[in-house]
Amino acid sequence: MTALFYINACIAIATTAMVIFSRHAVHALLYLVLSFLCISFSMYLFGAFMAAALEVIVYAGAIMVLFVFVIMLLNIGPNAMQSERMSLSRIAPIMLCVVLLLAELIYVLCSQDANVKYTEVTIREVAVALYTQYSLAIEIASCILLAGLVGAYRLGAKLNEIR
Amino acid sequence: MTSVPMHHILMFASVLFALGLLGVLKRRNLIFIFMSVEIMLNAAALVFVAAACKFGAPDGQIMFVFILSVAAAEVAIGLGLVLRYEHMFKTLDANAANQLKG
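Protein chains in written order, with the working numbering: chain A, 1 to 163; chain B, 1001 to 1102.
Bound conformation, chain B alone (with noise of 0.2 angstroms):
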């Protein structure tokens, strides 16, 4: 079966986590920084159940099924807030809202 060192497979999680970080800090759409958050998340789930496959406990699958349920959550309300920015800005651009003012 398989059998991969766990430095492999958390280089591969913190590759996804750096690319999900560069389309945070790089892209300007908020729908697109929405998603790249998503890929953290699920880099850093991935880490977790490969920790509960290492040791052989269910520990870890039980800690993705609550990032699961963070996430869904947290996309509710973002994409409701998203639907609202787009309603007031008239544009999806993350640099319209650089003041303060309403």
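Okay, chain A solo, but in the shape it has when bound (with noise of 0.2 angstroms):
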């Protein structure tokens, strides 16, 4: 079961770099649905089983959903490599990456840390703690959606004039 995490973080690792590697959006896309089931799995192996299935509900089965709906209204999918010259020429965000990468890296040798086991954190407790000690904050962030879909509406509605 350890081995099934790593298989599964290279996979992710994987995909997540097609994400931003791709020259077309939906492919992109699909990449980062694959990934968000990636870590989905990941959060899984640890027995955090809300966070697994809310990932894929909301954040794969939603705003990606959203995201392709999007694209498709755009139409950009092909349209996608004509704005991009992938140039090496500006090499300083890889770089600044690969530094971050490498500094990590050496941490993580030299520390020893304990190790994180399969501990369930049931649907039930997770509910009990957000609905008593976290109540508020379900209220502000309902606020923030609110938020949201105003925005978004008033964004979205009349694309011919801007009042």
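Do not take every clue at face value.
Stated by the list, open to error - To give an idea of the interface, some chain B residues facing chain A are shown, with a C-beta separation under 7 angstroms as derived from the structure:
no., residue
1, SER1003
2, MET1006
3, MET1011
4, VAL1015
5, LEU1016
6, LEU1019
7, GLY1023
8, LEU1025
9, LYS1026
10, ILE1039
11, LEU1046
12, SER1069
13, ALA1072
14, ALA1076
15, GLY1080
16, ARG1084
To be verified - Computed list of lysine-lysine pairs in DSS-like fashion (alpha-carbon distance at most 30 angstroms, straight line):
no., chain 1, residue 1, chain 2, residue 2
17, B, LYS1101, A, LYS158
18, B, LYS1101, B, LYS1090
19, A, LYS117, B, LYS1054
20, A, LYS158, B, LYS1090
Rather than coming from a laboratory, the hints here were simulated on the basis of the structure.
For every residue, glycine included, the Cβ atom is placed at its ideal position computed from N, Cα and C.
Build the complex: two chains, separate frames, hints provided.
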């Protein structure tokens, strides 16, 4: 089971790299959905069932579908190639990320941490804590969602006129 | 059952985060920048859930729920903005909006 996590991590990193290096927008989206599924499986391997289920249902199932709809609406799939030239002349972002990763690697190799074991945190415990301790945060999150709803409606309502 | 050192999970999440950061800095298409931001959010959420599993507490998963809701609201408004952008500039290149004049 531990080997499953490492295989899963390799697949997640590979698909995420395919997201940012692919030229077709829809291909990148499908790779991103696969990456989310891999991350959800990682959460599942450690007993966080609610997080794994919510990741699949909300992230891969709603947010990515929204992306797909917008890309279909804009019809930019093949045209995404024309607005990009992945030239290596701007190498600073790549160097920044490589430096960050090297620093992380050195830190990881020099540290000794305890293991994260498979601990079942059931949905019941999460729900009890969510609705008793964090009830205020639920209200604030619903306000955020309301703001998102109103903003999205206002932004997408009339594309011909800006009032 | 699975028993993975914590720093392996942190390394995994930071690799994903660095890939998302690379996508934000490197790509010029707005949709790709948006997707890279989602990758970064997901990597941070994975760290929260891993911490929750380490301590056996549900608080990390609760934070994951809130990260999810914030990401959903952000995607909704962001995609509305992308639609407006495409309507105005007729392209999704981020460099097309390099002047303050509307």
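request  = Just pull the numbers of the violated hints for me, sorted ascending.
outcome  = none
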